[in-house]
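Student: All chains should be built: construct the whole structure from the sequences, respecting the hints.
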Amino acid sequence: MGGEFVMLSLTPILIGVLAAVACALPGNFLVLRRQALIGDAISHVVLPGIVVGFLLSGTVNSWAMMAGAAGAAVVAVALIELIRRLGGIEPGAAMGVAFTSMFAFGVLLLEQSDTSSVHLDVQHALYGNLESLIWVEARGWGSLLDPVALAGLPPELPRIAVVAILMLAFTVIFWRPLKISTFDEGFARVLGMRTNLIGFGLVIMAAIAAVAAFDAVGSIIVIAMFICPPAAARLMTNRLEHQVLWSIAFAVFSAVVGYVLAGYGPLWLGAEDAVSAAGMIATVSGLVLGIAALYAPHRQRSGAPADA
Amino acid sequence: MLGLPFFKGVRAETLPSDLGDHPLVVRGLTVSYGEKPVVFSLDMTVQDGSMTAIIGPNGAGKSTLLKAVLGIVPRLSGVVAVYGRSLQASRRRVAYVPQRASVDWDFPTRVLDVVLMGLARDLGLLRPVRDRHRQRALDCLDRVGMRDFADRQIGQLSGGQQQRVFLARALAQDADLYLLDEPFAGVDAATERAIIRVLKGLNADGRTVVAVHHDLSTVGDYFDHVLMINVRRVAEGPVATAFTEANLQTTYGGRLETGHVDQLNVGKIHVD
Amino acid sequence: MWINSTSARSMWIEALTLQLGYNATLVAIGAALLGIAAGATGTFLFLRKRALVSDAISHATLPGVGIAFLIMASLGGDGRHLAGLLLGAAVSSALGVAFMLWLTRRTRLYEDAAIGAVLSVFFGFGVVLLTVIQTVSIGRPAGLSDFLLGMTAGMLYRDAVLIATAGLLAIAAVWALRRPMTLVAFDSGFASASGIRVRYVDLAITGLVLAVTIIGLKIVGLILIVALLIIPPVAARFWSDRVDHVLLISSAIGGAAGYLGAALSAVAPALPTGPIIVLVAFALFVISLLFSPVRGVFSVWLRHRRQQRRIHLRQGLLAIAQDVPIYEHFTIALLLRAGFVRGDGVPTEEGRRQADQACRDEDRWAVARRMHAHESVVSRFDGLRPLESLLTVDEIAEIDRQLTERTECKEVAS
Chain A
1 MGGEFVMLSL
11 TPILIGVLAA
21 VACALPGNFL
31 VLRRQALIGD
41 AISHVVLPGI
51 VVGFLLSGTV
61 NSWAMMAGAA
71 GAAVVAVALI
81 ELIRRLGGIE
91 PGAAMGVAFT
101 SMFAFGVLLL
111 EQSDTSSVHL
121 DVQHALYGNL
131 ESLIWVEARG
141 WGSLLDPVAL
151 AGLPPELPRI
161 AVVAILMLAF
171 TVIFWRPLKI
181 STFDEGFARV
191 LGMRTNLIGF
201 GLVIMAAIAA
211 VAAFDAVGSI
221 IVIAMFICPP
231 AAARLMTNRL
241 EHQVLWSIAF
251 AVFSAVVGYV
261 LAGYGPLWLG
271 AEDAVSAAGM
281 IATVSGLVLG
291 IAALYAPHRQ
301 RSGAPADA
Chain B
1 MLGLPFFKGV
11 RAETLPSDLG
21 DHPLVVRGLT
31 VSYGEKPVVF
41 SLDMTVQDGS
51 MTAIIGPNGA
61 GKSTLLKAVL
71 GIVPRLSGVV
81 AVYGRSLQAS
91 RRRVAYVPQR
101 ASVDWDFPTR
111 VLDVVLMGLA
121 RDLGLLRPVR
131 DRHRQRALDC
141 LDRVGMRDFA
151 DRQIGQLSGG
161 QQQRVFLARA
171 LAQDADLYLL
181 DEPFAGVDAA
191 TERAIIRVLK
201 GLNADGRTVV
211 AVHHDLSTVG
221 DYFDHVLMIN
231 VRRVAEGPVA
241 TAFTEANLQT
251 TYGGRLETGH
261 VDQLNVGKIH
271 VD
Chain C
1 MWINSTSARS
11 MWIEALTLQL
21 GYNATLVAIG
31 AALLGIAAGA
41 TGTFLFLRKR
51 ALVSDAISHA
61 TLPGVGIAFL
71 IMASLGGDGR
81 HLAGLLLGAA
91 VSSALGVAFM
101 LWLTRRTRLY
111 EDAAIGAVLS
121 VFFGFGVVLL
131 TVIQTVSIGR
141 PAGLSDFLLG
151 MTAGMLYRDA
161 VLIATAGLLA
171 IAAVWALRRP
181 MTLVAFDSGF
191 ASASGIRVRY
201 VDLAITGLVL
211 AVTIIGLKIV
221 GLILIVALLI
231 IPPVAARFWS
241 DRVDHVLLIS
251 SAIGGAAGYL
261 GAALSAVAPA
271 LPTGPIIVLV
281 AFALFVISLL
291 FSPVRGVFSV
301 WLRHRRQQRR
311 IHLRQGLLAI
321 AQDVPIYEHF
331 TIALLLRAGF
341 VRGDGVPTEE
351 GRRQADQACR
361 DEDRWAVARR
371 MHAHESVVSR
381 FDGLRPLESL
391 LTVDEIAEID
401 RQLTERTECK
411 EVAS
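Protein chains in written order, with the numbering used here: chain A, 1 to 308; chain B, 1 to 272; chain C, 1 to 414.
Please note: incorrect hints may appear among the correct ones.
Computed footprint of chain C on chain B; a stretch qualifies when at least three of its residues, placed anywhere within it, have a C-beta under 8 Å from a C-beta of chain C [unchecked claim]:
(1) 34-42
(2) 133-140
Now the in silico label distances, taken between C-beta atoms and shown as ranges [claimed, not checked]:
(3) C:Glu388 with B:Arg197: 44 to 54 Å
(4) A:Ile165 with C:Leu169: 47 to 57 Å
(5) C:Val294 with A:Ala78: 17 to 27 Å
(6) C:Ala338 with B:Ala246: 53 to 63 Å
(7) A:Glu4 with C:Leu169: 51 to 61 Å
(8) A:Arg239 with B:Arg121: 19 to 29 Å
(9) C:Trp102 with A:Leu168: 25 to 35 Å
(10) B:Pro16 with A:Ile165: 15 to 25 Å
(11) C:Leu169 with B:Gly59: 28 to 38 Å
(12) A:Leu168 with C:Ser299: 30 to 40 Å
Derived by calculation from the structure, the hints in this document are not laboratory data.
Model, not experiment: these values are computed from the prediction.
The C-beta atom is built at its ideal place from N, Cα and C for all residues, glycine as well.
Tutor: Here's what the structure looks like:
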């Protein structure tokens with residue numbers, strides 16, 4: 001099975017795993033800051049972003065679309081802050097206004113522009129196309145050492161790998177400011193930390209992770225990976241260090257098991273075609289969270305909730 | 001120079017030189033969220049080596065005053081000098097103990113980690129936590145009687161214990177000026193004794209302590225200076241001269257009966 | 001790709017004057033009713049600070065649509081019967097809400113994480129089901145994607161009637177429950193103390209949101225129905241601080257967006273209904289955000305500037321009276337402009353007079369604060385208004401009698 005596995009499944013699984021980890025890492029802090037839904041907002045505005053990217057560049061070039069998506073993410077974050085600050089609107093509602101409007105704008109643009117001839121559609125934005133990211137040149141495990149074959153790796157793989165490493169570096173380098181400002185923002189400010197900058201940096205990192213992951217695997221698993229692995233991990237431990245490690249483990253598990261179930265599950269059940277891998281990965285991460293909510297050692301709140 | 005378009009806070013990068021080098025000098029501080037100022041044109045001078053209580057009724061702007069001094073909330077006008085320099089330049093000399101309720105105690109971390117946050121400036125971004133850091137944090141916990149709780153998850157602590165952990169974190173900062181927001185609010189008697197012992201120890205050591213306080217009956221026992229405010233400053237000075245019935249009446253208005261003032265030295269009353 | 005201005009104008013006129021033809025008019029009315037229901041229901045959700053619950057509810061409909069289709073198709077129908085699909089959507093999003101509540105009640109997770117978990121997982125599972133439907137190729141799945149983004153083509157007559165009727169019922173339900181819901185949204189603690197079961201009212205609000213979502217699925221799609229539940233109340237909030245007014249304004253904005261959006265897309269079929277409705281709502285929101293005289297950005301900014309000037313001027317006058325240095329350039333600039341100080345920093349005659357006036361007001365207020373009789377007035381004092389505007393001449397005379405010769409205001413801090 002080696003050759004076929006390396007060609008058809010190795011790269012999608014790797015990409016899925018890296019995308020899941022890249023999202024789960026900033027997700028830990030977003031969940032603790034009660035900003036979990038910023039991932040939801042960002043992944044919704046990716047659609048208008050890629051449409052604008054396409055319209056401006058006129059090509060389905062990945063980079064143009066990623067630039068568009070990143071731009072849209074920044075616009076969305078700015079818009080949310082603007083609505084929140086100017087109007088004194090609670091963050092959830094501000095997000096709701098911003099991302100739904102931008103999404104509507106994206107759909108309108110999509111319907112108005114002639115994109116039917118190219119491979120640009122809502123379905124793709126939502127579900128991604130993990131299954132198609134195969135490694136055509138691979139002939140078996142030996143190809144991992146073959147420079148010619150390596151040159152034929154799907155470009156999404158190195159891209160998401162770089163982003164995953166970036167997320168890891170961000171988490172490690174800014175661990176202390178992130179932890180202190182998430183726990184006690186006032187104290188962090190008195191220490192001289194630029195807490196606004198830290199918060200903004202975190203959201204930008206989340207946006208980068210979302211855009212890169214979306215390019216490879218689609219929007220829905222982006223939201224799932226921002227929230228489900230960190231949330232399940234929070235229920236496993238009472239130490240932030242361990243929580244982050246658990247969240248990585250859960251992200252990897254969801255990606256691998258989800259992909260395998262989507263690819264081979266229907267075959268085992270006698271059906272012919274695979275089902276959506278992205279959808280299945282999100283489903284598995286939800287099952288992991290459900291099981292953690294039932295049995296995890298630290299699932300219950302210990303202290304009194306903070307006063308507002 | 002004139003008529004700059006200010007909108008948010010006023011940034012006094014260069015401080016006037018005639019403010020002296022007191023631990024804390026505030027001139028003309030105003031904070032306003034809406035139509036009505038929370039703190040209006042407030043002046044304050046904290047004497048070096050003093051124990052100062054900030055008192056006033058609920059909504060008088062006590063906590064807001066501390067937060068505005070520390071740059072946590074924006075100020076509409078006013079100048080703040082810490083040891084004669086800007087707050088930014090004097091940060092290392094200031095420690096802050098926020099209200100206990102201002103954070104989420106369900107945060108996944110241990111008591112020792114919270115105290116280590118007080119060393120964040122020494123540790124920087126990536127320097128590893130070494131045994132001497134840990135030892136210093138444990139010593140601080142020892143001073144507030146919480147050493148045995150070092151490995152506890154913070155959510156498992158009682159209110160008084162949480163307050164003591166916050167104090168230990170401030171001790172780890174090894175500052176010259178300690179600003180505390182309601183350190184005795186909602187804590188048990190044992191914690192109150194432990195906290196005041198630590199604060200008096202700091203003070204004996206030459207440090208300056210400023211605390212927002214709400215229990216009028218202990219002002220005389222705990223503090224030597226007092227700032228009485230109700231949006232604006234009513235009185236400031238040594239407890240012996242400033243903590244008078246007339247000033248209390250002005251500060252608390254009709255809410256404080258004259259009879260209560262007479263009982264101040266007898267029983268505890270809470271005016272809020 | 002864009003429409004030129006003349007035809008755009010006639011398009012608006014047609015849309016506004018109901019010259020749409022029977023079917024399109026019905027759809028526009030249905031959309032307006034949906035918008036009113038969404039605006040009203042969304043108000044309660046927004047005021048309870050749970051706006052994004054609607055996002056979880058709407059995304060959680062997708063697996064229900066898929067399962068309902070599979071069941072109906074395997075029973076031999078074409079699988080696209082609207083009422084059946086909506087029933088499936090209702091069941092699965094009710095499950096989603098139950099799961100969300102369970103997560104927040106039984107675990108330490110907060111509501112935002114629970115919302116995100118439910119919406120992504122349910123939606124992900126829904127996508128799996130959609131691919132299953134494509135795989136097994138039974139029934140006629142074309143048109144199922146309408147549930148994502150709303151209808152792109154014309155709507156069937158019986159579908160439009162269904163939506164209009166359900167919208168009316170939802171509005172009637174909001175009307176019937178408006179009192180307890182308003183109380184809970186305004187102050188849940190007080191509502192609870194006065195005997196209202198907050199939990200049931202919250203459940204009713206959630207149920208109504210669910211109903212509106214289901215009704216809106218066909219017209220605007222599951223992602224954009226969230227917009228109709230959130231944008232109108234947020235926009236309305238800029239116009240009033242009163243719950244009942246926000247409720248009415250929000251309903252009006254929702255209704256207008258629904259009607260205009262549906263009518264515009266009927267006249268110009270290239271414009272998809274759902275997004276147009278949302279963008280009309282967004283435009284109304286932007287207008288409210290910027291221009292509302294109550295809480296709009298411009299008026300708030302102007303008020304803030306005025307407040308800042310008043311405070312700086314007052315502080316400057318007090319500083320003149322107390323003969324202490326003024327540290328802020330802005331204060332000095334204001335005093336200069338008002339003619340209270342000269343260029344060399346020396347106060348003018350008028351400046352001295354105003355400063356003494358300000359100082360006497362401060363002293364009077366200090367006295368007033370000590371007197372019980374003026375407690376309610378004192379609590380309203382903002383530090384800037386002249387005393388005469390709040391107290392009578394007699395009261396001020398009484399205060400002046402108590403003013404000792406020592407003037408506290410002019411005592412400078414040691």
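Student: All hints are to be evaluated individually against the structure, with a verdict given for each.
Tutor: Here is what the structure says about each hint:
| no. | hint | result |
| --- | --- | --- |
| 1 | 34-42 | holds (count 5) |
| 2 | 133-140 | violated (count 0) |
| 3 | C:Glu388 with B:Arg197: 44 to 54 Å | holds, 52 Å |
| 4 | A:Ile165 with C:Leu169: 47 to 57 Å | holds, 55 Å |
| 5 | C:Val294 with A:Ala78: 17 to 27 Å | holds, 25 Å |
| 6 | C:Ala338 with B:Ala246: 53 to 63 Å | violated, 35 Å |
| 7 | A:Glu4 with C:Leu169: 51 to 61 Å | holds, 56 Å |
| 8 | A:Arg239 with B:Arg121: 19 to 29 Å | holds, 23 Å |
| 9 | C:Trp102 with A:Leu168: 25 to 35 Å | holds, 33 Å |
| 10 | B:Pro16 with A:Ile165: 15 to 25 Å | violated, 50 Å |
| 11 | C:Leu169 with B:Gly59: 28 to 38 Å | violated, 46 Å |
| 12 | A:Leu168 with C:Ser299: 30 to 40 Å | violated, 47 Å |
Violated hints for the displayed structure, listed by number in ascending order: 2, 6, 10, 11, 12.
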